[in-house]
Each structure stands twice: as structure tokens, then as C-alpha cells.
Amino acid sequence: MNTNRKRTSNSKQIFRIVLFVGTFISLWFVPWILVKAWIVPLPGSVQEQVDQTLSYGFDGVIVYVDEVGKPPAFYTAGYHNREQKIPANPNALFKIASISKLYVAVAITKLAHDKHISLDEKLSDYFPELLGRIENSDKITLRMMVQHRSGIPNFTDNPDFWKNQPNTDVDVLQYAIDLPADFEPNKDYGYSNTNYLLLSRIIENVVGYSRQQYFKEKILIPLGLKNTFGSIDEVNLDDVMSGYYVGIDKDFKSENNGMMLATAEDVGIFLRALNDGSLLNEEEMEIYASLYEFNHGGLAPGYQCIAEYHKDIDAVVVQFMNTTDFEGYQWNLLQITHSRVVKILRKAKKL
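The sequence shown begins at 14 in our numbering and counts up one residue at a time.
Read the hints as simulated data drawn from the structure, not as lab findings.
Please note: incorrect hints may appear among the correct ones.
Once the Cα atoms are required to be at most 25 Å apart in a straight line, the calculated BS3-like pairs of lysine-lysine come out as [said to hold, decoys possible]:
1. 128 - 239
2. 83 - 98
3. 135 - 200
4. 128 - 98
5. 200 - 152
6. 263 - 176
7. 356 - 83
8. 362 - 83
9. 324 - 360
10. 152 - 135
11. 49 - 356
12. 83 - 128
13. 263 - 98
14. 83 - 263
15. 229 - 128
16. 363 - 83
17. 363 - 324
18. 360 - 83
19. 362 - 324
20. 49 - 263
21. 324 - 83
The calculated label-pair distances, taken between Cβ atoms and stated as ranges, are [to be verified]:
22. 44 - 362: 27 to 33 Å
23. 95 - 302: 40 to 46 Å
24. 352 - 178: 26 to 32 Å
25. 323 - 61: 33 to 39 Å
Don't be surprised by glycine CBs; every beta carbon is placed ideally from N, CA and C.
All chains should be modelled from the sequences, with the hints used to inform the complete structure.
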């Protein structure tokens, strides 16, 4: 009996040693800047947290907070333009990258609801020329594309895409065709920008004009949004927050990659309307909920952002940060600092 107890005690000690060593090794390989961001004491205010992010290598930060029952709040730190030492502007335009997928998903939802498209139609129904060039294009449905379950390769994963950036004369679809599928349609999940590139083109084919004009008619005008645009061609470049990439001495804001731009407030208003049902009617909401998510992030050279609605505190938080890096540490820091802003809001809610 005593022997068994001794063996059990020894086993527990060994387990604790192994757990400690494993934890130590794991922490050894985690960049310490991320560890610091996790463990530093939570500030008492959102502004303090936003100020704190500058110590992690960000050039500029904008945070928009919309809590129910309160006027929207804006928080900034750092620079709108680093070279000219222009302070961050809460009303600056920002390249929202993949947050634009929410707008595309809303547009597809509205077209499906109005019977202009069917979510079960195939990619080849719209682009027969892609038969044999995008594998399974006669099996891939619009629904699968919205849900990233098509298996179509992501054009931004192709090294040749980045070798030719920025080159506006090249159709970026070429970086996704004539390649094997990542998986069979609807058999897996694989985030692919190609899905939304093709969905945007389908929107334009169906309505007969630009997707941005359709967004304007169905989303922007109904919500009173006047600071959301389809590309930098539509805006004053001075209004756009500069974008920086660690190790590269360049401002990325002038690169015309067809990316949507918006203010943090416009994104926040859109996100609340998407989540509270005021943008979509009941039937549309049911379609959308079956298709896509209600929050999103965005990442492009020089620009990264997160837009989230937090139901437990009925708050929308939009965060723009104008510095990115190759390793992805800055993206991790965006996620960490965003979560800390939400923690501060939750803590204040309980007081």
C-alpha cells in the first residue's frame, strides 16, 4: 500500500517537472514582446491601452468604441503620417482589407433573397471559361465560396503575386488558376481571397455595374455612411492614414490595389447594423447567418484591423493599426491589444 502511494507521488512529481519544462520550452519560442503584451497589468482606461500599443512598434492606432447607451468614443495614438509627424486622426480613411468580405457577403445575401442569384448555382454557370482552369468549377457553389469551402487556391498565397506587386495591369486571378484544388468542394475549410474576388465579379455581372455602387445602394446610403469607398481613386490621399511595413522605408498608402477604405466610425456603424438586424430583414438575416460570420479582421501591407461586436456588453470595437511585419507578430499584437480593450470595457461595465 505504501509502495503504491510512493509510486503515485513520484508520478505526480514527474508530471509536474514535465509540465514545467514543456511550459518553459513553449515560452522560450514565443516572442517576448507577445508575452509582455499578455502579462503587463491591464490599464485603467482604453486610452491608456491605446497609448501602450506604441511601445510594441506600431506607428499609429485608431480605436472606435460604440457601447449601447453611450455616444461613440474615439481613441488614437501615434501618427497619421510618420514622416510629417501628423498625429493620428480618428476620422482618417483606412484600407480595411478583408473586412470588406462582410460587405460582399451582405450583397450576396441580398441578391439571393431577391432571387437574382441562387446560392446553389455553380461557379461555371457564371464563368464557363474557367472550366478546366479552376478545378471543380462545375461543382463549386456560390454558398461554398462565401463559406471558404470551395477548395479554390488563394491567389495571395502564390509567391508570384507578391513578386509582381503592385502591378495594376495584371489580373490577380491568374495566380489562382491552372492549379490543383486545395481540397474537394465542401470537404474542408480553406480561407481564400480568390473566393471573394470571384464573388465580387459575380455581383457585378448580375447587377451590371460595380460592386461598390451596389454596396452604396444597399448598404451605405441606407445606413447614412459617407466615408466608405471602393479604392484610393475615389478619395483625397491626404485623408488616408499612412501604412508602414517593418524593415521597409516606404509609405504603402499610395498603392492602388483596389482595396476598400473607410473610417473606423463607418465600419463600426455598419458592423452594429449587421449584428442587430437593422441592415437585413428577418429573411435576409436567416440567409446571412447560414452563410458567414458577423465579425472580421483585415491584413494588407501597412494595414491591419479588427472589427468585432461583443454581445455580452452590447459594444462594437473597431481597431486600426498602420504597421505590419513579415513574421506576423504585429498581427498577434493587434489581437492581444484588441482583446485588452474589450476587457477594459467589460470591467467598466461591472462597476
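How the hints compare with the structure:
no.: 1; hint: 128 - 239; result: violated, 28 Å
no.: 2; hint: 83 - 98; result: violated, 32 Å
no.: 3; hint: 135 - 200; result: holds, 16 Å
no.: 4; hint: 128 - 98; result: violated, 51 Å
no.: 5; hint: 200 - 152; result: holds, 12 Å
no.: 6; hint: 263 - 176; result: holds, 17 Å
no.: 7; hint: 356 - 83; result: holds, 18 Å
no.: 8; hint: 362 - 83; result: holds, 12 Å
no.: 9; hint: 324 - 360; result: holds, 15 Å
no.: 10; hint: 152 - 135; result: holds, 6 Å
no.: 11; hint: 49 - 356; result: holds, 17 Å
no.: 12; hint: 83 - 128; result: violated, 39 Å
no.: 13; hint: 263 - 98; result: holds, 15 Å
no.: 14; hint: 83 - 263; result: violated, 39 Å
no.: 15; hint: 229 - 128; result: holds, 20 Å
no.: 16; hint: 363 - 83; result: holds, 15 Å
no.: 17; hint: 363 - 324; result: holds, 15 Å
no.: 18; hint: 360 - 83; result: holds, 16 Å
no.: 19; hint: 362 - 324; result: holds, 13 Å
no.: 20; hint: 49 - 263; result: violated, 28 Å
no.: 21; hint: 324 - 83; result: holds, 15 Å
no.: 22; hint: 44 - 362: 27 to 33 Å; result: holds, 32 Å
no.: 23; hint: 95 - 302: 40 to 46 Å; result: holds, 41 Å
no.: 24; hint: 352 - 178: 26 to 32 Å; result: holds, 31 Å
no.: 25; hint: 323 - 61: 33 to 39 Å; result: violated, 20 Å
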